[in-house]
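Protein sequences appear in the order of chains B and Y.
Every position in the first sequence, counted from 1, becomes a number in the working numbering once 12 is added.
Every position in the second sequence, counted from 1, becomes a number in the working numbering once 16 is added.
Since the hints were derived computationally from the structure, they do not count as laboratory data.
Be aware that a few hints might be false.
Said to hold, decoys possible - On the chain B side, residues computed to face chain Y include the following (Cβ under 7 angstroms):
no.: 1; residue: 55
no.: 2; residue: 99
no.: 3; residue: 107
no.: 4; residue: 111
no.: 5; residue: 114
no.: 6; residue: 153
no.: 7; residue: 221
no.: 8; residue: 540
Unchecked claim - Listed below are the simulated DSSO-like cross-link pairs for lysine-lysine, each with C-alpha atoms no more than 27 angstroms apart in a straight line:
no.: 9; chain 1: B; residue 1: 575; chain 2: B; residue 2: 587
no.: 10; chain 1: Y; residue 1: 263; chain 2: B; residue 2: 154
no.: 11; chain 1: Y; residue 1: 148; chain 2: Y; residue 2: 214
no.: 12; chain 1: Y; residue 1: 102; chain 2: B; residue 2: 494
no.: 13; chain 1: B; residue 1: 575; chain 2: B; residue 2: 494
no.: 14; chain 1: Y; residue 1: 261; chain 2: B; residue 2: 154
no.: 15; chain 1: Y; residue 1: 301; chain 2: B; residue 2: 154
no.: 16; chain 1: Y; residue 1: 306; chain 2: Y; residue 2: 261
no.: 17; chain 1: Y; residue 1: 212; chain 2: B; residue 2: 154
no.: 18; chain 1: Y; residue 1: 214; chain 2: Y; residue 2: 261
no.: 19; chain 1: B; residue 1: 494; chain 2: Y; residue 2: 55
no.: 20; chain 1: Y; residue 1: 77; chain 2: Y; residue 2: 148
no.: 21; chain 1: Y; residue 1: 261; chain 2: Y; residue 2: 310
no.: 22; chain 1: Y; residue 1: 306; chain 2: Y; residue 2: 212
no.: 23; chain 1: Y; residue 1: 214; chain 2: Y; residue 2: 301
no.: 24; chain 1: B; residue 1: 154; chain 2: Y; residue 2: 214
no.: 25; chain 1: Y; residue 1: 261; chain 2: Y; residue 2: 301
Idealized CB from N, CA, C, for every residue including glycine.
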Amino acid sequence: MHEHDVIVVGAGGAGLRAAIAAQEAGADVAIVSKLHPVRSHTGAAEGGINAALRDADSWEDHAYDTMKGSDYLGDAPAVEALCQESPEEVIQLEHWGMPFSREEDGRVSQRPFGGLSFPRTTYAGAETGHQMLHTMYEQVVKRGITVYDEWHVMELAVTDEEDPADRTCHGVVAYDIQSGEVSGFRAENGVILATGGMGQVFDHTTNAVANTGDGVAMAYRAGVPMEDMEFIQFHPTTLPSTGVLISEGVRGEGGILYNEDGERFMFEHGYANNDGELASRDVVSRAELTEVNEGRGIEDEYVHLDMRHLGEERILDRLENILHLAEDFEGADGLTEPMPVKPGQHYAMGGIETNEFGETVIGGLYAAGECACASVHGANRLGGNALPELIVFGKRAGRHAAGEEMGEAEVTTGKQGDWEPADYEFEAEVGETGGQGPAAADGGAVATDPDGVLEAEVERSEARVEELLSREGRNHAEIRSKVQETMTANVNVFREEGRLEETLDDLHEAREAYTDVAVSDPSRTFNTDLIHTMETRNILDIAEALTVGALAREEFRGAHWRKEHQERKDEDWLKHTLVSWNDGEPELWYKPTILEGESKTYEPKNRSY
Amino acid sequence: MSTQTPTQTEESSETDAETDVPSKGDERRDEKRRRAAEKRARRQAEEAEKAAADEETVELKVFRYDPEVEGKQEPRFDTFHVPFTKGMTVLDALMYSRDTYDSSLTFRHSCRQAVCGSDAMFVNGGQKLACKTQISELEEPIRVEPLPHAEVEKDLVVDLEHFYDQMEAVEPYFQTNEYPDGELEEQRQTRENREKIKMSTRCIWCSACMSSCNIAAGDNEYLGPAAINKAYRFAMDEREGEDIKQKRLEIIEQEHGVWRCQTQFSCTEVCPKDIPLTEHIQELKREAVKNNLKFW
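Bound conformation, chain Y alone (with noise of 0.2 angstroms):
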């Protein structure tokens, strides 16, 4: 191990940063986010006159932002110049612009073909999943942000807990009062049936459809597209039997459910699993009136 101990006594963490007295950790930080300003603009410099000499590069202007770093607060733009290969993806673009230029530059990725849905963001105004945005389709300079809509907590990553909430405000799991009797037996479900659904499963909770949304946007309690998609999967799955549907329909017919939906279509349009969302959306409000004249 290092000598390098911190000499930080055993109770101290990171929040002593906010004490009037800088530790020597404190100092040491100072110290490097100065260099790293400095280095910041030695590297816009040095990036300027690769993409002079280089015709075969992508402009990137990428959001940047970080709650403590000097420098970061005010939010601002960098520009990164990214030798383009065939196939490139704004993701590519990104890792390539961390791993090469500013290791600090931070959004979330991992599976890099479209199904964890981490790294929904906002390209060239439009909510996109870099990892299937091709670059050879943007206008450049290409701008990257974080989603709008949501609070941004470093560079082009969101706090995405309103969503998870909205998410599983829904009873979002299969509910049903009888199963078949034989051990190891499945239920049966028709073929007409899993297609009905089979859209709705495909969501990947990128939140691409909530950010898109002006709904959501002005009413913070509105459930959203995603999760309203996720009721319309259960609703929708002839395994639950109607008396369970009767209580989801209850669910999104709330004051703050499907009603609010003035079907634009944003969702839809920013789906990047092609998900119908609208229609969704309006088959559960029919649903819910013909389940309401039921009781008439």
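Bound-form chain B, shown alone (with noise of 0.2 angstroms):
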């Protein structure tokens, strides 16, 4: 058993960043990642980080775009955290020497995105993900922090009272990917998730292969809520043929989208006659995909983005990653010819339940990242917001697990004050069917004292692999992909009921499969059948909530589009969705959003641009 104050669960820019903020604050802290830091995905990041660094510029601002960017289902105690302490973090990277790209005079360049009121995007060219990764990764290096690199966290440690809020998490159980070794890793302060996206629920995909909501999921069977699942961000510029993300930073250069009539549909065909290119993301990528499906789309399939007029040196300058990308992984060069592109999933808005300072209903157990929901984002996020809330809430989440005091939240978390439950009565049988591992929430914890608790966790853990390894039975790959087929197909940018409903069927099939899963690799090396088998099953379990949230969700908000609900519905809706494990079976809450900054309240405005 390792022992350490604060365990940090996944390694890219959130965790390095509650790595540091948590040693910084005097925690002996470790970081448990499936990866090496340096393969995690915040390194794929291009555009961009917002941040309110100029005169002419204010974090009020920054926080009312938003708002709106949000279409209202942002927190705004969170929101308001994210726009005020951006500044001072982004100067941070710069005095950890990241090499951001540069003006005249020396100082860091920004640069316009869609949705922002101010050209706001600090940069370094189009790979500002990995500039801030591998910065992030040396302050690590440096500090010493402690890094167990390909292990992979299995499941919490969590004590198993009835009601969630009462519940501690004890540290995690993790699997060794070179040894085979399951092993238990006790936090004596607390455990901060910190796994990034969950795009592999999704076949086109700008995620990577990790990127399968581990975090997420298993927060999920402890008893943590997964909050606002159903908004998912189709980014509008993605590689058809692979989902490499073409960075929002080229229609911030001044990067335009034609037809295949040559139209600039988005002026052209009235979408956003203000902003054109530079609409907020949901509103470029519907868009996008009317033009293709009113048959003005290239090959039926994409649109093109022009960047040629930017003339080489800029593109060369600001862009050159892009060039790169274009060439190897859909052979055209940007430099003579538009980009083909379509829209392409790209990061979920939703995530784990958590407050301002990243703390979940269960006591010593945090999140931050992709993984979590604050929320920032609401119903959409605006590009360059992600870069800024790993490093604030990162930051953030590590000091108050190392146990410094920051004061009230006011975000709340769990079943307090105004919830309600759902009333809504799924036709489809939704709900875990028995078979495919164990869950924190699920009780068996008979142990109360946290080395008992993180033991028991172990044994069951331990008696999982072994299950998966000596078992005959069918292969998890075509179960996911099965998975990630009829989300694609039926909870993409469009959404209907019916086929809403059918697609869970289609997961209740899949859940009902995987109860036969077996690794037929039998080795204890380096076993990524087993690693993948283990994330199937977190792409269930996600796949399944965000299914549910969408179906119940009767309006339109942000990125969430329903044909039957055209509108947004204030009235009704100004609340946040909730899924909790309730023993597998789905239970769907709401709660209300926070709209009540610090000195004003953000109304609900009509959303154009």
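Please dock the two separately framed chains into a single complex, following the hints provided.
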């Protein structure tokens, strides 16, 4: 058994920042990650970091843009924290040596991004995430923070009181990919989940193969609700054949979208008469698919993104990485031809329910970054707001977990205050079908002392590994790809009731199939078959919660479009969706959005760009 | 939960597999291995048939090894026939082989877009990132092997600990003695200086360069091209200041540092991010000489 004050799960931007902050606050901290830190998917972020750094800009404007972009589903206290603290965090990165792009006077460059009232997206070429990830890992090396890399965290060690709010997290159980050993990691103060996105729930995604939503699913099974999972961002410019991301920076620098007829459709077909290509991402993605559905797409599949007019010098200076990606992954030369693009799954606005310090409803359990939902993005995330979320909330969670006093939270967790149960009957069968492996919230952890809770979880996890390795059964890959196909076909940019119901049936079938899953590779050495099999279970839990939330939300808000419900319904739906584990059967409930900020209330307005 | 709980006692773990009395779990695993071997033979026969029927396939010969699985302890090559699709990369072909034919086929991969640096391999005799290597540009059969000069853990996975140790041996983090006074004040850096270090900051730690380097193969303590490039990234960054640069030059001038490089350019040739590694090493040598002359 390993023992530390704070255990951070995941080593991308949020995890590294959390670890640094916890250590600076005096904690003995360790990072546990299934990848070596520099392999984390933060490294693929391209565009930049929104921060109100300049005199002509203000955090208040950034907060206003973010609330509007969220379609008024962001919680103001979290949004304001993001916007107030992002500038100091960006300067911190610069002081750690991050190689930002520069202006003539030597200051860091900023550029326009979609939905922003000021060009405040601070960037390093079109490889901002790569530079940010490596800069923070350098700081982790400098500080000598312990990293257990290539350890896959399987489950959390949580006590099993009836009410999740009474439970405590004492550590995690992880599987050493290199040796096959299952081991407990005891956390004296707290566990911080920073496991990133869940794009592998879909089959056309900008996300890495490792982005299987592990943290979200294991927190869910331990009793923490998933929040606003139906809000998935489909990025408007991904390469059609692979899903590789083409940064919004291309449009920020002046790139133009054309349909097959050569029309600049964002304006000519009235999707966004003011902002055109730089409207919010949900708006542009819907516009592109509408063009394709109405027969104006190229090869009935995609549209063109043209940046040739920017000129070679500017492209090489600010967007060079885009040239490489388009060439290597689509065979297109961005200097001489338009690049084919279409919407692809990119980001989960929802995630593990937390307050603005990263605390979940379970004592000692935190979450930060894409896996968490504070919520700063609400129904739609603005480009350039993901990277500041990692550093601002990573730092907050790290400090809080290390024991620093940070005041009272305004965002609530769990069933407090004005929560309400959902009034929705699902036609399809939902919920776990049994035989899919243990869940912490299902009880069985007889022990109450911290070490006992962890040891019991280690035993259950070891038994699960042994079971998967020794029995005969079906391979997970087929189940995973069926889930990805149905999610991409039915829970995409455009959603309709009948197909969402069908998806729940498909997912139920996939769950049944998964009860027979087995790993055919018998080895304990680097058994990726086993890891992927365990990940697929996480994908199943997330896909279902996401679809349940999408079906019940009968309105159109941000990234969530419903055929039968073509308007935002503020009277009924200014509230967050929550899905709780409830012994394997997803329990749906709601809590109100917080629109009251520090000194103003963000009144919902008509959202046009 | 399933009733198929293991029969091992609480204290037992996988280390028990090495004791004399085989547990039920061991027996099951042995049985599984036997069946896996049979399945493999069947599959290869089926695949050969399929290949004969379908011309639009590519043939991959993939290195296989597992220290603990019967039949894989002796390294061997397995053949996979993969239906070719336009734009298919070596990584795509490997994933297809794994998900369709043999789920135990093991390789690191994550981002699929040449930024996580996980999937450097030895493809047709050269160090390549599998995700950005087009099948259409390779001669068949395509030989896929783990990176040379590193210990193989399993199939295409090598032990990278030594590589990470070298990367971390050059104080790979920004250092300075003075920051601007004002709150929220960034350090200034000229565009020219940012441009100078730009290529060096693109390293994705894939270790292709280290694997290609003859010197690193013969001298285990040699820092290697990636680590020296990391040192270059900081030594050339004007924000660090002269005193720190001095210290950095001392680090790279040590016995197993820059002077070991014999400018064979193999690292530069294989770098998937086009970093001019050899040039960076040469430039550090020149800086070191200049620096030493200062003290004469």
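| query | Taken at face value, is the distance from the CA of residue 310 of chain Y to the CA of residue 261 of chain Y at most 27 angstroms? | reply | Holds - the C-alpha atoms of residue 310 of chain Y and residue 261 of chain Y are around 14 angstroms apart, at most 27 angstroms.
| request: Starting from residue 261 of chain Y, check that the Cα of residue 154 of chain B is at most 27 angstroms away, please. | output: holds (17 angstroms)
| field | Minimum beta-carbon distance criterion (7 angstroms), residue 221 of chain B to chain Y | value | holds (5 angstroms)
| query | Would the stated hint for residue 99 of chain B survive a check requiring a Cβ distance to chain Y of less than 7 angstroms? | reply | Check passed: Cβ of residue 99 of chain B comes within 6 angstroms of chain Y, closer than 7 angstroms.
| Restraint check, 7 angstroms cut-off on beta carbons, for residue 107 of chain B near chain Y | holds (6 angstroms)
| Taken at face value, is the distance from the CA of residue 154 of chain B to the CA of residue 301 of chain Y at most 27 angstroms? | holds (25 angstroms)
| Agreement of residue 306 of chain Y and residue 212 of chain Y with the hint, judged by alpha carbon distance not exceeding 27 angstroms | Holds: residue 306 of chain Y and residue 212 of chain Y sit about 19 angstroms apart, inside 27 angstroms.
| query | Does the alpha-carbon distance linking residue 575 of chain B and residue 494 of chain B stay inside the 27 angstroms limit? | reply | holds (24 angstroms)
| query | Does residue 261 of chain Y lie within 27 angstroms of residue 306 of chain Y when you go C-alpha to C-alpha? | reply | Within the cut-off at roughly 12 angstroms; holds.
| Is the hinted pair residue 494 of chain B and residue 55 of chain Y satisfied, with a Cα-Cα distance of at most 27 angstroms? | Cα-Cα ~24 angstroms, so holds.
| request: Given the hint that residue 214 of chain Y pairs with residue 301 of chain Y, test it: the Cα-Cα distance must not exceed 27 angstroms. | output: Holds, because 19 angstroms separates the two Cα atoms, which is no more than 27 angstroms.
| field | Given hint residue 214 of chain Y paired with residue 154 of chain B - CA-CA distance at most 27 angstroms | value | holds (22 angstroms)
Taken one by one, the earlier hints all hold for this structure without exception.
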